[in-house]
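Read off the chains here:
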Amino acid sequence: MQYMLLFNETPEEQGKRNDPAQAEAYWGGWTAYMGALAQSGVMVSGNGLQPPEVTTTLRVENGARHVVDGPFADTKEMLGGYVILEAPDLDAALDWAARAPCVTAGSVEIRPVLPPPAA
Amino acid sequence: MDEARREIAKQATLAARESYGKLIAILASRTRDIAAAEDALADAFAAAIAQWPQAGVPTNPIGWLLTVARRSAGHALARRQTADRSATMVQMLADERRDSDADSFGDDRLKLMFVCAHPAIAVDAQAPLMLQTVLGLDAGRIAASFLVAPASMGQRLVRAKRRIRDAGIAFVIPEPAEIPERLSAVLSAIYAAYGAAWDDVAGADVRLAGLADEAIWLARLTVQLAPDQPEARGLLALMLHCEARRGARRGPDGSFIPLRDQDVALWSRTLIKEAEAALRTASRAGAPGRFQTEAAIQSLHAQQRMTGERLYVPLTKLYDVLAKFAPTTGVLVARAVALAESGDVNAALSQLEEAPGAETYQPWWAARARILWLNGQEAAASEAAARAAGLSSDPGIRRFLLAQGYRGDAHR
Numbered sequence: 001m002q003y004m005l006l007f008n009e010t011p012e013e014q015g016k017r018n019d020p021a022q023a024e025a026y027w028g029g030w031t032a033y034m035g036a037l038a039q040s041g042v043m044v045s046g047n048g049l050q051p052p053e054v055t056t057t058l059r060v061e062n063g064a065r066h067v068v069d070g071p072f073a074d075t076k077e078m079l080g081g082y083v084i085l086e087a088p089d090l091d092a093a094l095d096w097a098a099r100a101p102c103v104t105a106g107s108v109e110i111r112p113v114l115p116p117p118a119a
Numbered sequence: 001m002d003e004a005r006r007e008i009a010k011q012a013t014l015a016a017r018e019s020y021g022k023l024i025a026i027l028a029s030r031t032r033d034i035a036a037a038e039d040a041l042a043d044a045f046a047a048a049i050a051q052w053p054q055a056g057v058p059t060n061p062i063g064w065l066l067t068v069a070r071r072s073a074g075h076a077l078a079r080r081q082t083a084d085r086s087a088t089m090v091q092m093l094a095d096e097r098r099d100s101d102a103d104s105f106g107d108d109r110l111k112l113m114f115v116c117a118h119p120a121i122a123v124d125a126q127a128p129l130m131l132q133t134v135l136g137l138d139a140g141r142i143a144a145s146f147l148v149a150p151a152s153m154g155q156r157l158v159r160a161k162r163r164i165r166d167a168g169i170a171f172v173i174p175e176p177a178e179i180p181e182r183l184s185a186v187l188s189a190i191y192a193a194y195g196a197a198w199d200d201v202a203g204a205d206v207r208l209a210g211l212a213d214e215a216i217w218l219a220r221l222t223v224q225l226a227p228d229q230p231e232a233r234g235l236l237a238l239m240l241h242c243e244a245r246r247g248a249r250r251g252p253d254g255s256f257i258p259l260r261d262q263d264v265a266l267w268s269r270t271l272i273k274e275a276e277a278a279l280r281t282a283s284r285a286g287a288p289g290r291f292q293t294e295a296a297i298q299s300l301h302a303q304q305r306m307t308g309e310r311l312y313v314p315l316t317k318l319y320d321v322l323a324k325f326a327p328t329t330g331v332l333v334a335r336a337v338a339l340a341e342s343g344d345v346n347a348a349l350s351q352l353e354e355a356p357g358a359e360t361y362q363p364w365w366a367a368r369a370r371i372l373w374l375n376g377q378e379a380a381a382s383e384a385a386a387r388a389a390g391l392s393s394d395p396g397i398r399r400f401l402l403a404q405g406y407r408g409d410a411h412r
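Sequence lines, in order, name chains A and B.
The opening position of the first sequence corresponds to residue 1 in our numbering, with each subsequent residue numbered one higher.
The opening position of the second sequence corresponds to residue 1 in our numbering, with each subsequent residue numbered one higher.
Since the hints were derived computationally from the structure, they do not count as laboratory data.
Each hint can be trusted.
To list a few chain A residues with every Cβ distance to chain B over 12 Å, as calculated: (1) L6; (2) D19; (3) L49; (4) Q50; (5) T57; (6) L58; (7) A64; (8) H66; (9) V68; (10) G70; (11) G81; (12) P116; (13) A118.
Going by beta-carbon spacing under 10 Å, a handful of chain B positions derived as facing chain A: (14) V148; (15) A385; (16) R387.
Over 12 Å on every C-beta distance to chain B, these chain A residues come out as not near it, computed from the model: (17) M4; (18) G48; (19) P51; (20) V60; (21) V67; (22) P71; (23) T75; (24) E77; (25) I84; (26) V113; (27) L114; (28) P115; (29) A119.
Cβ atoms here follow ideal geometry from the backbone N, Cα and C, with glycine treated the same way.
Produce the entire structure from the sequences given, and follow the hints as far as they go.
This is the structure in structure tokens:
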């Protein structure tokens with residue numbers, strides 16, 4: 001079964017990416033985590049994401065396009081990345097979620113992936 | 001003021017904990033219906049909260065709760081089985097008369113623990129079931145500690161209780177010949193509850209989220225209820241040794257401090273003394289087992305740090321004994337590290353390779369890093385440490401591994 005883990009980070013946590021004093025530990029933690037996922041053979045795909053400042057949101061309402069800078073609203077946590085992994089059950093997916101560096105500075109959302117429609 | 005209030009709250013919690021399991025054990029022992037006993041006891045506690053502040057606490061609170069719970073259970077049963085209504089009520093009143101002497105109800109909690117760890121109950125449900133029925137912990141907290149979704153933990157517990165009722169698992173102390181094996185399951189469940197507190201909870205103050213206190217309480221209770229069982233004392237000694245080091249395991253910023261770098265002045269001498277006394281009493285029975293051996297290993301580790309004497313060779317011998325009692329991956333990994341520390345790195349590496357199921361087991365990779373560093377294989381050791389870091393759920397341990405903490409004193 002496939003699960004998507006959505007990695008949410010607090011703004012402070014995401015700010016470590018560009019803080020010279022903390023960037024090494026931050027990226028070291030993520031590199032080790034993504035490496036363990038890949039080497040254990042559970043990872044299907046995954047990526048880190050750039051921050052909300054470079055995000056653009058599009059909506060079309062009554063035929064009119066709305067293009068705005070940033071995500072929908074100010075939130076306490078920001079999506080920092082995701083992986084899709086192959087796990088036998090939710091417990092196994094939870095084990096992987098617990099290892100994500102952002103779980104102590106944000107949260108990890110675990111979503112079962114919809115199976116492809118039967119042919 | 002706040003201190004006083006906290007103290008009262010703590011005592012109330014302890015009193016509730018003390019009586020909860022006793023009452024569940026008494027209520028469920030005949031019917032074998034733990035879920036019904038829990039419902040009935042919840043009714044009784046609700047009635048107590050409503051009535052005691054006005055009427056005062058009854059002279060025999062446990063007897064009072066038991067009577068109210070029995071009536072509630074009797075009514076519930078009668079509602080379900082209208083045909084047997086009168087028989088049910090007669091049985092309930094008979095039970096109530098039998099309990100009327102306050103001191104006559106014995107302590108059935110050991111029986112309840114044997115039921116929870118019965119071979120017919122799924123292993124992953126045993127520790128949670130014990131925490132819920134003996135201590136009255138709520139399913140949400142248990143689920144969090146074992147890192148399981150609350151809904152699946154709820155199902156696991158419901159299934160286990162249904163099994164006890166439907167399979168008619170008896171609330172009895174097993175036959176003497178069966179006791180060592182059955183008790184071992186009880187002790188393993190308690191240790192699993194303690195281990196959940198150590199391993200799976202991130203952050204510096206494990207006590208806040210984990211179940212370490214609760215597990216130690218269960219171990220003490222087991223010793224109290226089964227004083228002639230050396231393995232119960234062994235488990236208590238093991239847990240107390242680990243607990244004694246709690247204050248030394250973390251730096252002020254939550255950083256991880258391995259045993260060899262801990263400030264032994266921060267270890268609790270009281271707990272170490274209690275652990276040593278429990279282990280001595282246990283060893284007098286002349287029946288060694290898994291938990292006594294694990295406690296002896298921790299005792300040697302403590303001695304090694306406090307005296308500075310190198311004890312890796314005797315430690316390796318004890319790990320060999322332990323691997324005979326409990327050849328789990330965790331034990332095999334720890335044995336390999338002890339062997340490497342004693343100087344035999346090649347044998348340690350081949351032992352590590354043979355440990356099964358290690359692919360995503362964090363301690364295996366941490367052990368590999370340490371052993372490779374001891375062998376001067378810098379690049380491979382760093383790689384193993386990074387893999388261990390990626391498998392860590394604790395930020396302090398992750399930082400420690402990435403900073404090559406296990407390189408330690410190897411080849412400086």
